[in-house]
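Going down the list, the sequences are from chains Y and D. Going by this note's numbering, the first residue of the first sequence is number 17, and it counts up by one from there. Going by this note's numbering, the first residue of the second sequence is number 17, and it counts up by one from there.
All clues given are correct.
Computed cross-link-like contacts, EDC-like style, restricted to lysine to aspartate or glutamate with a CA-CA straight-line distance of at most 16 angstroms: (1) Y:LYS53 <-> D:GLU92; (2) D:LYS26 <-> Y:ASP40; (3) Y:LYS63 <-> D:ASP91.
The set of hints was computed from the structure by calculation and includes no laboratory data.
Each chain, written out:
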Amino acid sequence: MKNRLRVLRAERGWSQADLAERLDVSRQSVNAIETGKFDPSLPLAFKLARLFETTIEGIFSDEIQG
Amino acid sequence: MERRIYSSAKYRYEDRVLFFIVPLFPVSFIIDILGFHYYHLHLTGILAYLCAFVFSLPILGFIFVFGLYLAEETDEYERALCVQSMLWGIGATLAVTTFWGSLEKFAQVPRLDVTWVQFLFLGVMGIALLVNRWRYR
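If we strip away everything but chain D, and leave its shape as in the complex, we get:
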């Protein structure tokens, strides 16, 4: 008898990440590297807003797809693991950015480019997911 490994919600989530979110990351970085680091574009008006939106699409899309997964997942244990991991990601992001903000204010450390904060969130969330799976194995 063939057994399922994941819930159907998880397969849908993986497909959405693989086919919609992952391809958005190179697009976003091509805009960043070519537009701002290579050609030194100084965009204004609607084009500037459009570029900003496209650059943030991967993380916005990921949050949307992850929310959809949490809504569709019927396995409450899997859902609990994901929610816990996301809370770790949010907590770490909030803690680090708040502390860095204080450092900028009081210790004049270099200004943090907040567009990179998404990788802190995703990284901590990913590590927390692995740690949680190991804890509850």
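Okay, chain Y solo, but in the shape it has when bound:
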């Protein structure tokens, strides 16, 4: 799954560790989601959407990450 997490994070000047802390997950989790190696559950996707004040579709798209 393709996502804009890196872009959204960079816009706010957050590191992976900053985002991980806000989500209450490990930095490795953020990295795995960002690189498309791990797809988050719906609750975590909602948490991300709320954090970035957007929709889930605003972060994730069902294209395969290249």
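For chain Y, the structure is supplied; the task is to place chain D on it using the hints.
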């Protein structure tokens, strides 16, 4: 600002393994080596059952502690890695023991002492955890 490295569930899991499970392994091997290889005890009745239970306590305890960790872990990525690794351990154990069982039946290979199967499970699971972490790094 101090950052957490692991979830609190992982710290609890490590404490439980370190303080409850790790000390059980020497106890279990002292029973095995002294009782059966050195003194050649032929236990019967309740004592035999008790020894069998104590010998299998480390792996039973580990499975319980690991289950507790999976239930408590709130980081779904960490949980997914652990579940995948455990599946590798279970799969490898099932595959090897089934194949060895067939060999015992048809090719008369030496009988496998199934008490050692726990190390196959733990070993494959540990390696799978390392490989998974490397894959998803």
